[in-house]
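Whole structure, please, built from the sequences with the hints as guidance.
There are 2 protein chains.
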Amino acid sequence: MKTYLDCLPCLLNQALRAGRIATADERKIKRLLDEVGRMLESIPLDSTPPESANLIYQKVKEITGNIDPYKELKIESTQKALTLYPSLKRQVEESKDKLLTAIRIAIAGNVIDFGVNKTFDIDKEIDEALKKDFGICHYNAFTKCLDEVNDVLFIGDNAGESVFDRILIEQMKKPTLYAVRGMPVINDATYEDAVQAGIDKVATIISSGTSAPGTILKTCNAEFKKVYKKSKFIISKGQGNYEGLSNEKRPIFFMLKAKCHVIANDIGVDEGDIVLKKASIL
Amino acid sequence: MKTYLDCLPCLLNQALRAGRIATADERKIKRLLDEVGRMLESIPLDSTPPESANLIYQKVKEITGNIDPYKELKIESTQKALTLYPSLKRQVEESKDKLLTAIRIAIAGNVIDFGVNKTFDIDKEIDEALKKDFGICHYNAFTKCLDEVNDVLFIGDNAGESVFDRILIEQMKKPTLYAVRGMPVINDATYEDAVQAGIDKVATIISSGTSAPGTILKTCNAEFKKVYKKSKFIISKGQGNYEGLSNEKRPIFFMLKAKCHVIANDIGVDEGDIVLKKASIL
Numbered sequence: 017m018k019t020y021l022d023c024l025p026c027l028l029n030q031a032l033r034a035g036r037i038a039t040a041d042e043r044k045i046k047r048l049l050d051e052v053g054r055m056l057e058s059i060p061l062d063s064t065p066p067e068s069a070n071l072i073y074q075k076v077k078e079i080t081g082n083i084d085p086y087k088e089l090k091i092e093s094t095q096k097a098l099t100l101y102p103s104l105k106r107q108v109e110e111s112k113d114k115l116l117t118a119i120r121i122a123i124a125g126n127v128i129d130f131g132v133n134k135t136f137d138i139d140k141e142i143d144e145a146l147k148k149d150f151g152i153c154h155y156n157a158f159t160k161c162l163d164e165v166n167d168v169l170f171i172g173d174n175a176g177e178s179v180f181d182r183i184l185i186e187q188m189k190k191p192t193l194y195a196v197r198g199m200p201v202i203n204d205a206t207y208e209d210a211v212q213a214g215i216d217k218v219a220t221i222i223s224s225g226t227s228a229p230g231t232i233l234k235t236c237n238a239e240f241k242k243v244y245k246k247s248k249f250i251i252s253k254g255q256g257n258y259e260g261l262s263n264e265k266r267p268i269f270f271m272l273k274a275k276c277h278v279i280a281n282d283i284g285v286d287e288g289d290i291v292l293k294k295a296s297i298l
Numbered sequence: 017m018k019t020y021l022d023c024l025p026c027l028l029n030q031a032l033r034a035g036r037i038a039t040a041d042e043r044k045i046k047r048l049l050d051e052v053g054r055m056l057e058s059i060p061l062d063s064t065p066p067e068s069a070n071l072i073y074q075k076v077k078e079i080t081g082n083i084d085p086y087k088e089l090k091i092e093s094t095q096k097a098l099t100l101y102p103s104l105k106r107q108v109e110e111s112k113d114k115l116l117t118a119i120r121i122a123i124a125g126n127v128i129d130f131g132v133n134k135t136f137d138i139d140k141e142i143d144e145a146l147k148k149d150f151g152i153c154h155y156n157a158f159t160k161c162l163d164e165v166n167d168v169l170f171i172g173d174n175a176g177e178s179v180f181d182r183i184l185i186e187q188m189k190k191p192t193l194y195a196v197r198g199m200p201v202i203n204d205a206t207y208e209d210a211v212q213a214g215i216d217k218v219a220t221i222i223s224s225g226t227s228a229p230g231t232i233l234k235t236c237n238a239e240f241k242k243v244y245k246k247s248k249f250i251i252s253k254g255q256g257n258y259e260g261l262s263n264e265k266r267p268i269f270f271m272l273k274a275k276c277h278v279i280a281n282d283i284g285v286d287e288g289d290i291v292l293k294k295a296s297i298l
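In order, the protein sequences belong to chains A and B.
With my numbering, letter number 227 in the first sequence gets 243, and the count goes up by one each step, no holes.
With my numbering, letter number 67 in the second sequence gets 83, and the count goes up by one each step, no holes.
Keep in mind the hints are simulated off the structure, nothing from the lab.
Treat the hints with caution; some may be incorrect.
Repeated chains share a single entry, so a pair holds when one copy, or any two copies, can fit it.
As the list claims (entries may be wrong) - Lysine-lysine pairs mimicking DSS-like chemistry, simulated, CA-CA at most 27 Å apart: (1) Lys44 - Lys18; (2) Lys234 - Lys46; (3) Lys46 - Lys245; (4) Lys147 - Lys77; (5) Lys265 - Lys112; (6) Lys75 - Lys217; (7) Lys160 - Lys234; (8) Lys248 - Lys44; (9) Lys44 - Lys147; (10) Lys294 - Lys245; (11) Lys245 - Lys75; (12) Lys160 - Lys105; (13) Lys75 - Lys18; (14) Lys147 - Lys294; (15) Lys105 - Lys189; (16) Lys140 - Lys112; (17) Lys147 - Lys234; (18) Lys241 - Lys44; (19) Lys46 - Lys75; (20) Lys46 - Lys96; (21) Lys147 - Lys217.
So, in C-alpha cells, the structure goes:
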C-alpha cells in the first residue's frame with residue numbers, strides 16, 4: 017500500500033504518542049516532533065507507510081534514548097491475553113465452525129495496537145469479533161488452500177495478539193513458522209514476546225529481521241525472504257503487514273481489523289470492519 | 017492559552033484539510049505538508065495556537081493560490097443557519113429563561129467549525145445544546161455584569177454561527193459592537209459573512225483586523241484594540257478567541273463548545289462540553 021497524504025499527520029501523531037511513552041521530558045518530545053516534521057518532505061508517497069514509520073520510530077529511540085519504550089506494555093498485554101486463553105479455547109471448542117471461530121479470535125487480538133490512535137477494550141472487542149459480519153471474508157478460499165498445503169507461514173503483528181494467533185495455529189493443525197520483528201518497534205511482537213505468548217509450544221518462531229512495524233521485504237533477512245518465497249500459504253496479521261505486502265503476488269491471506277480510515281478505504285471496507293482477505297493472485 | 021505538543025500534529029492535519037478544500041492538486045498539498053512540517057520547529061510552545069495556525073493558513077493560501085477556500089462553505093453555512101432562525105427565535109420566546117436559551121443557541125452555533133477535525137450535524141447540536149448540562153456555567157455573573165453595562169463587545173467566530181449570535185444579541189437588548197476577522201481564514205466570519213447573517217440589523221460590525229483564526233491582540237488593528245480596552249463587557253465566542261484571550265485580565269465571558277481535548281483540558285471540562293466561563297478577573 018502506498019503512503020497517503022493522511023498518513024503524514026498520522027506519523028507526527030505516532031511520534032508524539034511514542035515520545036510520551038518513551039520519556040517524560042517535554043523538550044525532547046518537542047525536538048522529536050521538530051525533526052519528524054522536517055523528515056516529512058523526504059517521505060515519498062510511493063513508499064509504504066511502515067517504511068516511513070520505521071524512520072519515525074528510529075528517531076524516537078535516538079532522541080529519547082529509550083530503545084524499547086513499549087516493553088512493559090507488551091509484557092502486560094501478553095499477560096492479559098494469557099488470562100483470556102482458557103476461555104477463548106473453550107469458545108472455539110463449543111462453536112459450530114471451530115476454524116472460523118479461531119480466525120475471529122485471531123482478528124479480535126489485532127486490536128492490541130499502540131501504533132493506532134485509539135484506546136481499546138479487549139473483552140468488548142472479542143465479544144464483537146465473535147459476532148459481527150466480516151467486511152470481506154474469503155473463508156472458502158482460506159479453507160481450500162489450507163487443506164492443500166503442508167505448512168503455514170504466519171506473520172505475526174503485535175505482542176499480546178500472539179496469544180490469539182496461537183489459538184488459530186492450534187486449530188489449523190499444520191506445521192507453522194511464526195515470523196516476528198527483528199527488533200522492538202512500537203508494541204510489535206519480537207521473539208521474546210512470542211515465547212511469552214507460548215508460540216514456541218505450537219510453532220517455530222523465526223525473525224523477519226526487520227525493525228519496521230510491518231513486513232517491508234527489502235528490510236527483512238535472507239532466511240525470512242527464502243521462507244517467504246517458497247511458502248504456499250501465508251497468513252499476514254494486522255495493518256502494518258498488510259501495508260507492506262498488499263501488492264505482493266504471493267498466496268497471502270490478510271487478517272486484520274481495519275483500525276484507520278485510510279487502510280479501510282484501501283481495502284474497500286468500512287473503518288472498524290474485520291477482514292479475512294486473500295491476495296489478488298488467489 | 018499556550019500551544020501544547022498535541023497542537024503540532026493537529027496543525028498538520030488542519031493544513032491537509034484546508035489544502036484539500038483549496039485545491040485538487042495532490043502535489044501542491046504534499047508540498048504544503050512538507051513546508052508545514054518544516055515550520056513546526058519554529059513554533060514556540062509559549063505562543064497561542066491561533067498565532068501558529070495563522071502561519072499555516074497563510075501557507076495554504078500561498079501554495080494553493082486560493083485566498084478564500086472556504087468561501088462557498090461559509091455562504092452555505094449562513095444560508096442553512098438563516099433557515100433555522102425563525103424556529104430558534106420561537107424556542108427562545110417559548111422558554112422560561114429566554115436569555116439562557118439564547119446563550120445555549122449561540123453556543124450550539126459554535127459547532128459550525130471547519131478548523132476542527134469533526135463533521136457536525138447542526139440540528140442535532142442545537143437539540144443537544146438546549147438540553148445538556150454546562151461543563152462550566154457562570155450565568156449569574158453574566159446576567160449581573162450585563163445589567164450593569166451600557167454596551168457589549170461581541171467577538172464573533174465562524175460564518176453561520178453569526179446567525180446564532182444574532183439571536184443572543186437581540187435577547188441582550190444592549191448596543192453591541194460585533195467584531196469579525198480582518199480577512200478570510202478557515203470559515204471564520206468576515207464583514208460580508210456577518211452582513212449575510214443579518215448582524216448589521218442588530219449591531220455595529222467592526223473588523224478586528226486580524227487574519228488569524230482567533231483574537232491575537234498584537235495582530236489586531238488600532239480601532240479594535242481601543243474598543244477592546246475600554247469595553248466593560250466582552251463576549252468571546254469559540255475556541256480560537258479563547259486560545260488568544262484566555263490569559264487576558266479583561267471582563268470577558270467565553271462561550272464555546274469544547275471541540276478538542278486540549279482546549280477541554282485547558283478549561284477544565286470534558287471534550288464536547290458546552291461552556292459559559294468568566295475571565296479570571298471577574
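Now the hints, each set against the structure:
Taking identical chains as interchangeable, the C-alpha atoms of Lys44 and Lys18 lie at most 27 Å apart only when they sit on different chains, with a minimum of 18 Å there against 30 Å within one chain. In this assembly of identical chains, the alpha carbons of Lys234 and Lys46 lie at most 27 Å apart only when taken from different copies (26 Å versus 31 Å within one copy). For the identical chains of this complex, Lys46 and Lys245 are neighbours neither inside a copy (42 Å) nor across copies (35 Å), given an alpha-carbon limit of 27 Å. In this assembly of identical chains, Lys147 and Lys77 lie within 27 Å of each other by CA distance neither inside one copy nor across copies; the values are 40 Å within and 48 Å between.
Within a single copy, Lys265 and Lys112 get their C-alpha atoms no closer than 33 Å, and across copies no closer than 69 Å, so neither meets the 27 Å cut-off. Proximity of Lys75 to Lys217 under the C-alpha cut-off of 27 Å is found in neither arrangement, the shortest distances being 35 Å within a copy and 57 Å between copies. In this assembly of identical chains, Lys160 and Lys234 lie within 27 Å of each other by CA distance neither inside one copy nor across copies; the values are 30 Å within and 70 Å between. Taking the closest pair of Cα atoms, Lys248 and Lys44 never come within 27 Å of each other, the shortest separation being 46 Å inside a single copy and 43 Å across copies.
For the homomeric pair Lys44 and Lys147, neither the shortest alpha-carbon distance inside one copy (44 Å) nor that between copies (44 Å) is at most 27 Å. When the C-alpha separation of Lys294 and Lys245 is checked against a cutoff of 27 Å, the pair qualifies only within one copy, where the shortest distance is 17 Å, while the shortest distance between copies is 67 Å. Proximity of Lys245 to Lys75 under the C-alpha cut-off of 27 Å is found in neither arrangement, the shortest distances being 31 Å within a copy and 47 Å between copies. For a Cα distance limit of 27 Å, the shortest separation of Lys160 from Lys105 inside one copy, 24 Å, qualifies, whereas the shortest one across copies, 66 Å, does not.
Taking the shortest Cα distances, Lys75 and Lys18 sit within 27 Å of each other both inside one copy (21 Å) and across copies (26 Å). For the homomeric pair Lys147 and Lys294, the shortest alpha-carbon distance inside one copy (21 Å) is at most 27 Å, but the shortest distance between copies (49 Å) is not. Within a single copy, Lys105 and Lys189 get their C-alpha atoms as close as 14 Å, which meets the 27 Å cut-off; across copies the closest is 70 Å, which misses it. In this homomeric assembly, Lys140 and Lys112 come within 27 Å of each other (Cα to Cα) only inside a single copy, at 21 Å, whereas the closest approach across copies is 43 Å.
Proximity of Lys147 to Lys234 under the C-alpha cut-off of 27 Å is found in neither arrangement, the shortest distances being 38 Å within a copy and 57 Å between copies. In the homo-oligomer, the alpha carbons of Lys241 and Lys44 never lie at most 27 Å apart, since the shortest distance is 37 Å inside one protomer and 38 Å across protomers. Both within a single protomer and between protomers do Lys46 and Lys75 lie at most 27 Å apart by alpha-carbon distance, with minima of 12 Å and 22 Å respectively. Taking the closest pair of Cα atoms, Lys46 and Lys96 never come within 27 Å of each other, the shortest separation being 33 Å inside a single copy and 41 Å across copies.
For the homomeric pair Lys147 and Lys217, neither the shortest alpha-carbon distance inside one copy (29 Å) nor that between copies (58 Å) is at most 27 Å.
Of the numbered hints given earlier, the model fails hints 3, 4, 5, 6, 7, 8, 9, 11, 17, 18, 20 and 21; all others are met.
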